Amino acid sequence: MIEPTDREITGRHGNLVVREWAATNPGWIALIAHGYGEHSGRYQWVAEQLVAARAQVYAPDHVGHGRSDGERVRFSDAETIVADLETLRQQVAAEHPGLPVVLIGHSMGGMLAARYAQEHQEHLAAVVLSAPVLGTWHVLDLLEHDEIPDTPIDPSTLSRDPEVGAAYVADPLVWHGPFKRPTLQAIDNCLLAINEGPTLDKPTLWVHGEDDELVPEADTRTGIDRIRGHEFHEHIYPGGRHELFNETNKEEVMGDVLTFIARELNS
Numbered sequence: 001m002i003e004p005t006d007r008e009i010t011g012r013h014g015n016l017v018v019r020e021w022a023a024t025n026p027g028w029i030a031l032i033a034h035g036y037g038e039h040s041g042r043y044q045w046v047a048e049q050l051v052a053a054r055a056q057v058y059a060p061d062h063v064g065h066g067r068s069d070g071e072r073v074r075f076s077d078a079e080t081i082v083a084d085l086e087t088l089r090q091q092v093a094a095e096h097p098g099l100p101v102v103l104i105g106h107s108m109g110g111m112l113a114a115r116y117a118q119e120h121q122e123h124l125a126a127v128v129l130s131a132p133v134l135g136t137w138h139v140l141d142l143l144e145h146d147e148i149p150d151t152p153i154d155p156s157t158l159s160r161d162p163e164v165g166a167a168y169v170a171d172p173l174v175w176h177g178p179f180k181r182p183t184l185q186a187i188d189n190c191l192l193a194i195n196e197g198p199t200l201d202k203p204t205l206w207v208h209g210e211d212d213e214l215v216p217e218a219d220t221r222t223g224i225d226r227i228r229g230h231e232f233h234e235h236i237y238p239g240g241r242h243e244l245f246n247e248t249n250k251e252e253v254m255g256d257v258l259t260f261i262a263r264e265l266n267s
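Oh and the sequence shown: position 155 is 155 in full-length UniProt numbering, straight run, nothing missing.
Calculated directly from the structure, the hints in this document are not laboratory data.
On a predicted model such as this, the values are computed, not experimentally measured, just so you know.
Hints are not guaranteed to be accurate.
Claimed, not checked - Restraint ranges, calculated between C-beta atoms of paired labels, are given here:
1) P238 <-> E163: 14 to 24 Å
2) H145 <-> A170: 36 to 46 Å
3) H176 <-> D211: 17 to 27 Å
Think of the CB as a built atom: it goes at the ideal place given N, C-alpha and C, for glycine as much as any other residue.
Input sequences plus hints: build the corresponding full structure.
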């Protein structure tokens, strides 16, 4: 196991904790944007695979998530989180000048990665979107209620591996409470901005599980079709649920991701 080290950066709304997994002789930088309600520590296995492929890996806990500052899972503007990602990129790029940067975003983090790529494409070598919230998202229907109902995530929807769901439920850094209206509104606004924004000109890989109930592939595709650039690749995995990097075929998924990244970095 590769033990991560911690650093703090100053975000738009407080200090953010960033996990760093160091490579001995890094050839590129991987930035990971985690999903709603979770934290960067859940990407330990992913980070180890990336380090083995010579990546220097950085993964912040977004504002209001994990060990970072802020009211839990609350933010009013997704653009501030995109700006936090750019703050981190600037810092680590200065420490590793000349290394290409690959942005990897999962779920809500995939939405943030897509928006970041629209605004800062010149800083990226490639983008990986894992089950990204794009296009439409059924969870936003909760905004129709005067009071947001408590609709906890069913852990069985994360992976076919039951241990993944059990670990998720037991994780004290994961948010297990209801959604918050400002956050849902911010996500809705971000999706609208992405739909109206430019296509992704940088090489992009989209991976999604065919049986993803949390972020259905068909809903995401409506957003993907709006931002799909000329070098866009996709893998839809039969039977796959929401967290492909924690799925029973995670080695296959990671192999496809690393093959894509290696090809783009060497092209």
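Exercise. Evaluate the given range 36 to 46 Å for the C-beta pair formed by H145 and A170.
Key: violated, 29 Å
Quiz prompt | Cβ separation of H176 and D211, checked against the hinted range 17 to 27 Å | solution = holds, 23 Å
Quiz item: Is it true that P238 and E163 lie within 14 to 24 Å of each other by Cβ?
Solution: For E163 against P238, whose Cβ atoms are near 21 Å apart, the range 14 to 24 Å holds.
Of the numbered hints listed earlier, the single one contradicted by the structure is hint 2.
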